[in-house]
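> Each chain, letter by letter, is given below.
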Amino acid sequence: MNTVTDVITQPAFPAITGQRDTMAVTKLDTPLEKTVGNPFVEKPRMTCRDVFVHYGESCAIKDVSIDVAGNEVLAMIGPSGCGKSTFLRCLNRMNDTVSSCRVSGEIRLDDMNIYDASVDVVPLRARVGMVFQKPNPFPKSIYDNIAYGPKIHGLTRNKAELDEVVETSLKKAGLWTEVKDRLAEPGTGLSGGQQQRLCIARAIAVSPEVILMDEPCSALDPIATAKIEELIAELRTQYSIVIVTHAMQQASRVSQRTAYFHLGNLVEVGATEHIFTNPKHRLTEDYITGRFG
Amino acid sequence: MIRFAERFVVFFSLACTALLFFCIAVVTVYVLWRGLDAFSISLIFGGVDPLDALLGRRPVFDGLFPAIVGTLLLVVSAIVVAAPVGIATGIYLADYASPRWRVTLSALFDVLAGLPSIVIGLAGFTITIYLHRLFPGRIGPCLLISALSLGFLVLPYVIRSTQLALESLPATLRLTAPALGARHWQNIYRVLLPASTSGILGGIILAIGRAAEDTAVILLTGVVASAGLPRSLLEQYEALPFFIYYISSQYTTTQELEMGFAAAFLLLVLCGSLFLLAYGLERLLARRFVFR
Numbered sequence: 001m002n003t004v005t006d007v008i009t010q011p012a013f014p015a016i017t018g019q020r021d022t023m024a025v026t027k028l029d030t031p032l033e034k035t036v037g038n039p040f041v042e043k044p045r046m047t048c049r050d051v052f053v054h055y056g057e058s059c060a061i062k063d064v065s066i067d068v069a070g071n072e073v074l075a076m077i078g079p080s081g082c083g084k085s086t087f088l089r090c091l092n093r094m095n096d097t098v099s100s101c102r103v104s105g106e107i108r109l110d111d112m113n114i115y116d117a118s119v120d121v122v123p124l125r126a127r128v129g130m131v132f133q134k135p136n137p138f139p140k141s142i143y144d145n146i147a148y149g150p151k152i153h154g155l156t157r158n159k160a161e162l163d164e165v166v167e168t169s170l171k172k173a174g175l176w177t178e179v180k181d182r183l184a185e186p187g188t189g190l191s192g193g194q195q196q197r198l199c200i201a202r203a204i205a206v207s208p209e210v211i212l213m214d215e216p217c218s219a220l221d222p223i224a225t226a227k228i229e230e231l232i233a234e235l236r237t238q239y240s241i242v243i244v245t246h247a248m249q250q251a252s253r254v255s256q257r258t259a260y261f262h263l264g265n266l267v268e269v270g271a272t273e274h275i276f277t278n279p280k281h282r283l284t285e286d287y288i289t290g291r292f293g
Numbered sequence: 001m002i003r004f005a006e007r008f009v010v011f012f013s014l015a016c017t018a019l020l021f022f023c024i025a026v027v028t029v030y031v032l033w034r035g036l037d038a039f040s041i042s043l044i045f046g047g048v049d050p051l052d053a054l055l056g057r058r059p060v061f062d063g064l065f066p067a068i069v070g071t072l073l074l075v076v077s078a079i080v081v082a083a084p085v086g087i088a089t090g091i092y093l094a095d096y097a098s099p100r101w102r103v104t105l106s107a108l109f110d111v112l113a114g115l116p117s118i119v120i121g122l123a124g125f126t127i128t129i130y131l132h133r134l135f136p137g138r139i140g141p142c143l144l145i146s147a148l149s150l151g152f153l154v155l156p157y158v159i160r161s162t163q164l165a166l167e168s169l170p171a172t173l174r175l176t177a178p179a180l181g182a183r184h185w186q187n188i189y190r191v192l193l194p195a196s197t198s199g200i201l202g203g204i205i206l207a208i209g210r211a212a213e214d215t216a217v218i219l220l221t222g223v224v225a226s227a228g229l230p231r232s233l234l235e236q237y238e239a240l241p242f243f244i245y246y247i248s249s250q251y252t253t254t255q256e257l258e259m260g261f262a263a264a265f266l267l268l269v270l271c272g273s274l275f276l277l278a279y280g281l282e283r284l285l286a287r288r289f290v291f292r
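Chains as they are written, first to last, in the UniProt record's numbering: chain H, 1 to 293; chain P, 1 to 292.
Same shape as in the complex, but just chain H (with noise of 0.2 Å):
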């Protein structure tokens, strides 16, 4: 049986050897233990049971539960290689595209479990969108980076309809009185920040009802961010939001809850202030009060 202390020794452990940018994977595919706190909500918009994730051989998710609260910022944090990105891209089933990848487990939007085999990719990644780390907007105008999703998932019948659905999305991602004048210019000579928002408002613009974001926020200058976050917390009002971060303060600040991600194992969740305030496992005050990570 592995304790928590013999993970800590072993050399895979990629904030202490330095292998920063790599899956870390152990062959451990047992759970370490129970995850600490409560995982589960009261009225759950999706819900994750028993999810083991594989990269052919090698574990890099193990037996998590967890579920996500309707209009909810879920902040998931833990050291580089814990798998809290490899999970969010459970969740819209992103990890299709990769070939070795394996996901056993039930996951579920509302009543629907996403991994059925009846399931089509296409209406679930409408109803979970997702913003990635680094602004990817299409070689496109502006509105065409936001009429995309609308018009391949033949969501408006005309081109009003259209012109509409890019102002409200522009709106909500508050990018629309900065760039209502030019829509027809390239959404790549955009600042980061304003990429970044754009890339938000092509994911709001099919409608979904969860938003993934993962590390939204690390390629952007403190005054981008701050915008971001704040735009974060206006969409909570409307979506559930799970965000992956590498910046704890930026945790702290937009979720309610926190996830603590180690080596594959969800280790403790709870209310943010507690986990921020009073870690309850030792591996996540380890990390909170920057012992490693």
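Any given hint might turn out to be false.
Unchecked claim - Per label pair, the in silico range of CB-to-CB distance:
| hint | chain 1 | residue 1 | chain 2 | residue 2 | range |
| --- | --- | --- | --- | --- | --- |
| 1 | H | I223 | P | A171 | 26 to 34 Å |
| 2 | H | E185 | P | L55 | 19 to 27 Å |
| 3 | P | P116 | H | E185 | 26 to 34 Å |
Stated by the list, open to error - If you only want the chain H side, here are some residues facing chain P, beta carbon under 7 Å, derived:
| hint | residue |
| --- | --- |
| 4 | N95 |
| 5 | R125 |
| 6 | A126 |
| 7 | M130 |
| 8 | G189 |
Worth flagging that the hints you see were computed from the coordinates, not collected in a lab. Cβ coordinates follow ideal geometry from the N, Cα and C atoms, glycine included.
Starting from the known structure of chain H, arrange chain P on it as the hints suggest.
For chain P alone, kept in the frame of chain H given last:
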């Protein structure tokens, strides 16, 4: 020592570039200089009025006009054959094939790219004979068979450049559209292909050059020294590279040899114009992708 090595590398690469440029300049200038005396309107149109020739009112027998038209038709039809097939195959290799198939097929297409054109010419020739037996009197060596053979010759360039262009796109661009719910083909058609336009057109430009200059394939599949303008794809035709080959091996007077040089220069100009056209098309498509 390190500084010396650095200087040596700079000097060496500069010298190689200069040498190459010098060679190109020498060939071009020499061809132009030798052919200069032969340049005139009658070189292209013979004794026929240019307007009459262009409108097809009178045939040209002693000028290069039919050969120029023949080469143009050949290049265009070879690209029309090769581009769709090549791009589709490139997409399959880059986006759908399993890793093992990808490696195997890529190696095969590389072999195909290295195949001597005379071998493809022979294959075309064999097919012509077979078709001739099947439809006696109706199908012989002709523009269509040459175009198909040339298309086959240039296919690997289009396939490999499409594949490489698609595979070298940034991984983030590849994931963007699927994250919005696009299907794989929607991603390819709307995002990946437009983003790799310039790479694909690079392959097509190579293919144009190869199709315009190749002599061995057309020699065996339908080109003749004198045919006039082809009236259909099933007729024999003239072509510039074949004229150059023919005149330089069979010339009887210096004037005829000069005509060969002039034809060589015309072929260079023709290829150059086709490249410019393809380049312009690339710019236009790239702009359309961004500002649509």
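> None of the hints should be skipped; say for each whether it holds.
Hint-by-hint comparison with the structure:
1. H:I223 / P:A171: 26 to 34 Å: holds (28 Å)
2. H:E185 / P:L55: 19 to 27 Å: Hint violated: Cβ distance 46 Å, outside 19 to 27 Å.
3. P:P116 / H:E185: 26 to 34 Å: Given about 51 Å between the Cβ atoms, the range is violated.
4. N95: Violated - the Cβ of N95 (chain H) stays beyond 7 Å from chain P, reaching only about 11 Å at its closest.
5. R125: At 4 Å from the nearest chain P Cβ, R125 (chain H) passes the 7 Å test, so the hint holds.
6. A126: holds (4 Å)
7. M130: Cβ of M130 (chain H) sits 4 Å from chain P, so the hint holds.
8. G189: violated (10 Å)
Checked against the numbered hints given earlier, the structure breaks hints 2, 3, 4 and 8 and satisfies all the rest.
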